[in-house]
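Protein chains: 2
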Amino acid sequence: MGISERKERQRAELRERILKAAREMVVREGFGALSMRKLAEAIEYAPATLYLHFENRDEIARELSVRGFQQLLEYLAPAARVEEPMERLTAAARAYVRFGLEQPETYRLIFMEDPKLTTALFGEGKEDAGAKAFAFLVQPLEELKAAGRLAADADTRQLAEVFWAGVHGIVSLKLTCPGFQGTEADVLASTLVTTFFHGLPGMKEAQRPSG
Amino acid sequence: MGISERKERQRAELRERILKAAREMVVREGFGALSMRKLAEAIEYAPATLYLHFENRDEIARELSVRGFQQLLEYLAPAARVEEPMERLTAAARAYVRFGLEQPETYRLIFMEDPKLTTALFGEGKEDAGAKAFAFLVQPLEELKAAGRLAADADTRQLAEVFWAGVHGIVSLKLTCPGFQGTEADVLASTLVTTFFHGLPGMKEAQRPSG
DNA sequence: GTGTTCAGTGAACGCTGTTCACAAAGTGTC
DNA sequence: GACACTTTGTGAACAGCGTTCACTGAACAC
Numbered sequence: 001m002g003i004s005e006r007k008e009r010q011r012a013e014l015r016e017r018i019l020k021a022a023r024e025m026v027v028r029e030g031f032g033a034l035s036m037r038k039l040a041e042a043i044e045y046a047p048a049t050l051y052l053h054f055e056n057r058d059e060i061a062r063e064l065s066v067r068g069f070q071q072l073l074e075y076l077a078p079a080a081r082v083e084e085p086m087e088r089l090t091a092a093a094r095a096y097v098r099f100g101l102e103q104p105e106t107y108r109l110i111f112m113e114d115p116k117l118t119t120a121l122f123g124e125g126k127e128d129a130g131a132k133a134f135a136f137l138v139q140p141l142e143e144l145k146a147a148g149r150l151a152a153d154a155d156t157r158q159l160a161e162v163f164w165a166g167v168h169g170i171v172s173l174k175l176t177c178p179g180f181q182g183t184e185a186d187v188l189a190s191t192l193v194t195t196f197f198h199g200l201p202g203m204k205e206a207q208r209p210s211g
Numbered sequence: 001m002g003i004s005e006r007k008e009r010q011r012a013e014l015r016e017r018i019l020k021a022a023r024e025m026v027v028r029e030g031f032g033a034l035s036m037r038k039l040a041e042a043i044e045y046a047p048a049t050l051y052l053h054f055e056n057r058d059e060i061a062r063e064l065s066v067r068g069f070q071q072l073l074e075y076l077a078p079a080a081r082v083e084e085p086m087e088r089l090t091a092a093a094r095a096y097v098r099f100g101l102e103q104p105e106t107y108r109l110i111f112m113e114d115p116k117l118t119t120a121l122f123g124e125g126k127e128d129a130g131a132k133a134f135a136f137l138v139q140p141l142e143e144l145k146a147a148g149r150l151a152a153d154a155d156t157r158q159l160a161e162v163f164w165a166g167v168h169g170i171v172s173l174k175l176t177c178p179g180f181q182g183t184e185a186d187v188l189a190s191t192l193v194t195t196f197f198h199g200l201p202g203m204k205e206a207q208r209p210s211g
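Residue numbers (my numbering), protein chains in the order written: chain A, 1 to 211; chain B, 1 to 211.
These are computed hints drawn from the structure, not numbers from a lab.
Do not rely on the hints blindly, as some may be mistaken.
Which copy? The list can't say, so a pair holds if one copy fits it or any two copies do.
The calculated DSBU-like cross-link candidates involving lysine-lysine, where the alpha carbons are at most 35 Å apart (straight line), are [to be verified]:
1. 116 <-> 20
2. 145 <-> 20
3. 20 <-> 7
4. 7 <-> 145
5. 132 <-> 145
6. 116 <-> 38
7. 145 <-> 38
It should be emphasised that the depicted structure is a prediction, and the values quoted were computed from it without experimental measurement.
I would like the entire structure built from these sequences, with the hints used as guidance.
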């Protein structure tokens, strides 16, 4: 039965063509500029045909978002090979920021558009890509703890959340108010890493909270 | 000439009615749900009338954004009265996060929607409200530096940017993927403040970078 | 009373996402 | 080869959107 397989293949090919065209539109002009009609025109089909392959515009967005997240993981992958935990965390932060700046519209789509898109990536994804990315942050902290370089009662997950908020903040501020932040993003990332590890420069140990 | 004054007043009143209705719609259903036609219906005028008072939808958004930012400044105001710089920074962070969570759609509009909106608030505003808010972060750091509690060569502006990125990251992640971050926002804010000041708990001074 | 100004409007233009009855082509069965 | 069925694709339509524009009607100045 090669026929049904061929049909399946053709179907998948068209689906890919749609997604490719959609991605190009999003990357070039942003998610807001992604219109079903323009998308249909780009692949030379009638608008209604799109609905044979996707439930609606949201499903296309979701798929683009999932793939964008995979791309983020690819950016992060080299950092995983860094041995020293603090350096690894630093490398991950740099990679994350680089992804955000090099793929701004993709980043917007994933992390700044619709909560439904972002939530879909965490907790319920088939392989839970979100958790996988989050582990990039938690694990180095766990290793630091195991090595006695981080307080034994430190909440690594919570610290990772704060760290993530930091890099996400850097990227999203750069994307949303590009003019304001005078400092370049990678410099900000470096400063974030340094303060996250060591606090403010020149801050005396005696100033630490008593508790 | 009371006539033209009355006309002027009526004009201003209608403008306010429009903005009030617009704000309600945004607060209730988000900026995306703000439609000129529904807005016109809400104030019981024809859609075209809106264009006698605003150039277009964007101008309404800009005005709402400016007012939302004023509201943020009001949230921050009490923190300004805290004397101790570190405590003041902490209070500012808490107030900022509280604003973001209590006025999520307003926060989205100001900081996560259109770059044009956000940029308009910084650098060119008549009173540069953006710079005013940013001073909330820079000044405490300057005071710390003056008191010798922060390295003399520390770039306070850059540190403030990183700090801001941190709180913005906490808020915007909470708004965009509410389910994921397990930790409550105010706890994250506390942790952010602590690490920003003192680094990771249990991190030995000897681990500081050599440079 | 006359001329002018101006807030307000209905209708239209060109978009948008989405649906649905319908056509056409390909496939399986007799 | 003829028929039925499934899949693929479509044109037209619906309801909504932001925005524009010729036009009305009332209030004003003289």
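To see whether the hints hold, each was checked on the structure:
{"no.": "1", "hint": "116 <-> 20", "result": "both (22 Å within a copy, 28 Å between copies)"}
{"no.": "2", "hint": "145 <-> 20", "result": "neither (44 Å within a copy, 52 Å between copies)"}
{"no.": "3", "hint": "20 <-> 7", "result": "within (20 Å within a copy, 56 Å between copies)"}
{"no.": "4", "hint": "7 <-> 145", "result": "neither (54 Å within a copy, 70 Å between copies)"}
{"no.": "5", "hint": "132 <-> 145", "result": "within (20 Å within a copy, 40 Å between copies)"}
{"no.": "6", "hint": "116 <-> 38", "result": "both (24 Å within a copy, 25 Å between copies)"}
{"no.": "7", "hint": "145 <-> 38", "result": "neither (53 Å within a copy, 56 Å between copies)"}
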